[in-house]
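Undergrad: Each chain is listed here by its residues.
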Amino acid sequence: MLWTLAWRNVWRNRRRSVLTLATILLAVVLGLLMRSMQYGQYGAMIDSTVARTGHIQVHGEGYWDNKSIDRSISAAAATLSEIRGAAGVTDVVPRFESFALISFGDRTKPSGVIGTDPEVEDRYTALANRVVEGRYLESGERGVMLLRSLADYLGAGVGDEVVLLGGGYRGQTAADLLTVTAIFEYTMMDGMETGLAYVPLDAARELYATPPDQVTSLAVMLDDGDSIDPTATVLAGLLGDEYEVMTWRETSKEVVQQIQADSVGGIFMLAILYTVAGFGLLGTVLMSTMERRREFGVMNAVGLRKSRLAAVLFVETVLLVSVGVLLGLLLSVPIIMWFHANPIPISGELVEVFEQFNIPPYMPFAIDPGIFAAQGLVVLVMALIVASFPIVSIRRLHIMRAITGR
Amino acid sequence: MLWHMAWRNVWRNRVRSLVIATAIAFGLVGGVFSYAFMMGLVNQAVRNAVRTELGSFQVHNPEYPADRDLRFMVDDTAALLTELRGLPGVVGASARIVGTAMLSSAEGTAAVRIAGVDAARDGDISNLAEELIEGQYLNPDERIPILISREMADDLEVKLKSRVVASVVSPSGEIVYGAFRVVGIFKTVDSLFDKSSVFVTREDLAELTGFADNTASEIIVRVEPRDAGDAVAARVVAAHPELLIRTWRDLSPQLQLAADFGSIFGLVFLAIILTALGFGIVNTMLMVVMERTREIGMLMALGMARARVFWMLLYETAFLSMVGGVAGLALSFVLLGYLGRTGINMQAWAEGFSAIGYDSMIYPETTVAFYFQVAGMVLVTAFLASIYPARRALKLLPAEAIRSDT
Amino acid sequence: MPVIDARDVYKTYEGKGIPVHAVNGISFAVEKGEFTAVIGPSGCGKTTLLNMVGGLDSITSGQILIGGTHIDSMSERELTDFRLHRIGFVFQAYNLIPVLTARENVEFIMELQGVSAAERAERSHQLLTDVGIAEKADIRPSQMSGGQQQRVAVARALASQPEFVLADEPTANLDSHSTADLLDMMLEMNQTSGVTFVFATHDQRVIDRARRVIALDDGKIVSDTANG
Chain F
1 MLWTLAWRNV
11 WRNRRRSVLT
21 LATILLAVVL
31 GLLMRSMQYG
41 QYGAMIDSTV
51 ARTGHIQVHG
61 EGYWDNKSID
71 RSISAAAATL
81 SEIRGAAGVT
91 DVVPRFESFA
101 LISFGDRTKP
111 SGVIGTDPEV
121 EDRYTALANR
131 VVEGRYLESG
141 ERGVMLLRSL
151 ADYLGAGVGD
161 EVVLLGGGYR
171 GQTAADLLTV
181 TAIFEYTMMD
191 GMETGLAYVP
201 LDAARELYAT
211 PPDQVTSLAV
221 MLDDGDSIDP
231 TATVLAGLLG
241 DEYEVMTWRE
251 TSKEVVQQIQ
261 ADSVGGIFML
271 AILYTVAGFG
281 LLGTVLMSTM
291 ERRREFGVMN
301 AVGLRKSRLA
311 AVLFVETVLL
321 VSVGVLLGLL
331 LSVPIIMWFH
341 ANPIPISGEL
351 VEVFEQFNIP
361 PYMPFAIDPG
371 IFAAQGLVVL
381 VMALIVASFP
391 IVSIRRLHIM
401 RAITGR
Chain E
1001 MLWHMAWRNV
1011 WRNRVRSLVI
1021 ATAIAFGLVG
1031 GVFSYAFMMG
1041 LVNQAVRNAV
1051 RTELGSFQVH
1061 NPEYPADRDL
1071 RFMVDDTAAL
1081 LTELRGLPGV
1091 VGASARIVGT
1101 AMLSSAEGTA
1111 AVRIAGVDAA
1121 RDGDISNLAE
1131 ELIEGQYLNP
1141 DERIPILISR
1151 EMADDLEVKL
1161 KSRVVASVVS
1171 PSGEIVYGAF
1181 RVVGIFKTVD
1191 SLFDKSSVFV
1201 TREDLAELTG
1211 FADNTASEII
1221 VRVEPRDAGD
1231 AVAARVVAAH
1241 PELLIRTWRD
1251 LSPQLQLAAD
1261 FGSIFGLVFL
1271 AIILTALGFG
1281 IVNTMLMVVM
1291 ERTREIGMLM
1301 ALGMARARVF
1311 WMLLYETAFL
1321 SMVGGVAGLA
1331 LSFVLLGYLG
1341 RTGINMQAWA
1351 EGFSAIGYDS
1361 MIYPETTVAF
1371 YFQVAGMVLV
1381 TAFLASIYPA
1391 RRALKLLPAE
1401 AIRSDT
Chain D
2001 MPVIDARDVY
2011 KTYEGKGIPV
2021 HAVNGISFAV
2031 EKGEFTAVIG
2041 PSGCGKTTLL
2051 NMVGGLDSIT
2061 SGQILIGGTH
2071 IDSMSERELT
2081 DFRLHRIGFV
2091 FQAYNLIPVL
2101 TARENVEFIM
2111 ELQGVSAAER
2121 AERSHQLLTD
2131 VGIAEKADIR
2141 PSQMSGGQQQ
2151 RVAVARALAS
2161 QPEFVLADEP
2171 TANLDSHSTA
2181 DLLDMMLEMN
2191 QTSGVTFVFA
2201 THDQRVIDRA
2211 RRVIALDDGK
2221 IVSDTANG
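Residue numbers (this note's numbering), protein chains in the order written: chain F, 1 to 406; chain E, 1001 to 1406; chain D, 2001 to 2228.
None of these hints come from the bench; they were simulated from the model. Quick caveat: nothing in here was measured; it's all calculated off a predicted structure. All C-beta atoms in this analysis are idealised placements derived from N, C-alpha and C, irrespective of residue type, glycine included. Worth double-checking, as some hints may not be accurate.
Interface residues of chain E toward chain F, partial, derived using beta-carbon atoms under 8 Å [unchecked claim]:
(1) Trp-1007
(2) Trp-1011
(3) Val-1015
(4) Val-1019
(5) Ala-1023
(6) Phe-1026
(7) Ala-1111
(8) Glu-1151
(9) Val-1176
(10) Val-1189
(11) Val-1268
(12) Met-1287
(13) Thr-1342
(14) Ile-1344
(15) Met-1346
Simulated pairs of lysine-lysine, DSSO-like, Cα-Cα distance not exceeding 30 Å [as the list claims (entries may be wrong)]:
(16) F:Lys-253 with E:Lys-1159
(17) E:Lys-1161 with E:Lys-1187
(18) E:Lys-1395 with F:Lys-67
Chain F on its own, in the form it takes in the complex (with noise of 0.2 Å):
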């Protein structure tokens, strides 16, 4: 009956209880798709980073403070599949980077250049889609595809041969002719003072005068997200100390930043929405009681125990607290899947600050236990809160005051 009490109780004043819905509803609305769609920024911000630099990074020990091309490693085949064979990891992108000056007649700018292996290089940063002009550079060739501000500045189109200058490994000068085959766009370079050329890896080694198999980084990718730091301890122990190993985390750090100081940003921003939501919910909850002092005052009289009156009472809150979070769901679950299935595609100026981060230009709803789990919490705390004002008040209740009205 307790139960039936405190139900029937909630919708007494249904107009009241219906606007105290209202509040919360729009709290767990709002919290659930911004949420969402941070969650969602966030995981395409990590995809993106990921897919440039791997889960995991290996260098030669001390590359990452001095990125010299004297401390490469060797990516014999042997290496390579004691990194593959670790547990979970799928793939292995082997990549050459370093710096040149290019030209091209009498124009020269310096550029970054990046021996990779096409194929997998495509595969994870889809680079074959970048090029505007020419076609993807194929494994072996002498070739080489610059930036398009790049190609533009030195007035060099595809076909054309251009000089490739720079430092060789260990003292050597690097030294090269190689062929455009193609023009790739890549927005975010745009600004920027250096150009940049991708080459196959064997012509990167061939220009820096390298021994075979040497590679600045490999990236390593794995199946699952999760297990990133274990894999990397395992990849440590397995290559010893010429060998340096790095998350993600480690090497893109500003990324992890931004995502912590953005989240950060948003669950302040819920609490105080949820602070309101709980204002109003306070309201309803301690004029509903006020209200009903002589009622209390009664029921206790005929021999309701104060206890169970005050667990009528926290019940009531709670129930109301659930329904609206209830609606809420009901409101937002199905939005944010539509939107999951559907990402809002991002037009305009946008789409060169999404670029900016190497994000595909779309909105992106993250379908994500995280989203619910800290507003459950804290809707929990809320009502937690809430509910106790009443409680403190039966506590105080003086029978024969209550009921006479004093």
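Use these hints to put chains E and D onto chain F, whose structure you have.
TA: Below, chains E and D without anything else, positioned relative to chain F:
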């Protein structure tokens, strides 16, 4: 009389009024703070960019921007500078030679943007001198001085008094090499800027590249107050159709976007909070109306016109809302006054902030006008919230109301 | 054994340094089957006294035994339980829980006592019939007249099979017709089933029906007479 009654009525049920007032106050503090934080963040980024890097607007040869090729010059700079310095609001105009270079030390090489500045006048448009953490600013009496960032110094493994070599493509197309001595090391909040910018004297760079007197790559102009910059730029555009004039907004569209986005988002959030509060206000006023059905009926029976009853309730709602509103705004004012001075330390996310060009110390800021805007928003909310309860009150016929059991 | 046995009961308040005796050393007893009215002007202490007798308020000094059990030194929780099982109440107004029907209001008490569902249903039906309101069993109080609500209150008071029913100004909000009906019903319950009723009242109609009238003034009993 109506005002008086309305005000008194607000306090008839002290607890209830205080609860909603506290809700409004709290919600406002949260919303205003969020807005101010965002504005502080964004304004700081703009200020830094304008003050250190971009100036209010820049003057170039129309063909310059694509590749920063030194070939494309601005002629007759002396006259131009005089003209610019004479414009109202302009606090500084200075000419620079800016090109792309490779900077090398014994340990490494970096691609940079090298700027040859007028050491005497450059301080008018850039506060780089204040960002020095070691050494001193460019001194024309010193031999071949260069300023580099902390980051670059670490990458190249150099320090004060170290020697570095810059290789630049001159206007005639040949690569020229010049040695420089590090005299100062700077650090700004924008790590992208730090990574790629070095500064030398105009004389040294002109000698190296063969720039004639009275020519430059760019002229940077600074206008105070900042907002007047666009108007001044427009005047220059009209006066010199042969030149390319770009404001900081043109030079950094991402910054402009962030600024717009920030303020919109802050306002939207505030609106959401007010909506949530609006429900609470409706609830409260409904209770008020229900409780006083008899009284209202009596007033109407005694001859108080419906319109006046409506206005009385409206005033009551407004007063109720403004009690919380004023308290909230006053609290915000004090809070923001304090935080605006001491700042909020986002140290934990310092790297993340720095990577996107923000300082880790944020100073929230608002204008006085904004407080009035918010007060207005609260009143609008109160007005909208009062409609439903007031209509309910007016639907009562006097006789019915008196007979009803209140 | 008397149903109510009050011995030398005091209720004292500290009023500005001078102790005020709202109940000033009262002793009396009520036997089973009485229909007794306690009267007196405002401030005479009858409400205070009956609150203590009903276990609704604490005693400063003295003893009160209900059905032979001391209630003077019970804790709040013990008093609540005692009231549940041993005393029935009819207040002036707001007796019933608005969200429950008449039947549910009566069964509420029984459920708190742990009575089985079947027995609750049977007894609530019986009680509601006894007070003459069976046809309104599944209706909420807001849809009944004042008199009908008070009848349900009586039924509820009897649901716990109490030692006595304490009625505090039960007729104050009713018109004369309903008052007469209610009081006659209560009198009949008293005469046929032997239910003990103790009234706090100003109402002459109650006093007329009472067989014993206790008058209080200034915290003391001034008269205790049998009525014809």
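Undergrad: If a hint holds in the structure, say so; if it does not, say that too.
TA: Verification of the supplied hints:
1. Trp-1007: violated (20 Å)
2. Trp-1011: violated (15 Å)
3. Val-1015: Interface hint status for E:Val-1015: holds (6 Å vs cutoff 8 Å).
4. Val-1019: For E:Val-1019, the interface hint holds, since the closest Cβ of chain F sits about 4 Å away, which is under 8 Å.
5. Ala-1023: For E:Ala-1023, the interface hint holds, since the closest Cβ of chain F sits about 3 Å away, which is under 8 Å.
6. Phe-1026: Holds, about 6 Å.
7. Ala-1111: holds (4 Å)
8. Glu-1151: violated (13 Å)
9. Val-1176: violated (11 Å)
10. Val-1189: violated (13 Å)
11. Val-1268: violated (11 Å)
12. Met-1287: OK, holds: E:Met-1287 within 8 Å of chain F, min 6 Å.
13. Thr-1342: Because about 18 Å separates E:Thr-1342 from the closest Cβ in chain F, which is outside the 8 Å limit, the hint is violated.
14. Ile-1344: violated (11 Å)
15. Met-1346: holds (7 Å)
16. F:Lys-253 with E:Lys-1159: Given that 30 Å is the threshold and the Cα spacing comes to 26 Å, the pair holds.
17. E:Lys-1161 with E:Lys-1187: The given pair, whose Cα atoms are some 17 Å apart, holds under the 30 Å limit.
18. E:Lys-1395 with F:Lys-67: violated (79 Å)
Comparing the model with each earlier hint shows violations of hints 1, 2, 8, 9, 10, 11, 13, 14 and 18; every other hint is respected.
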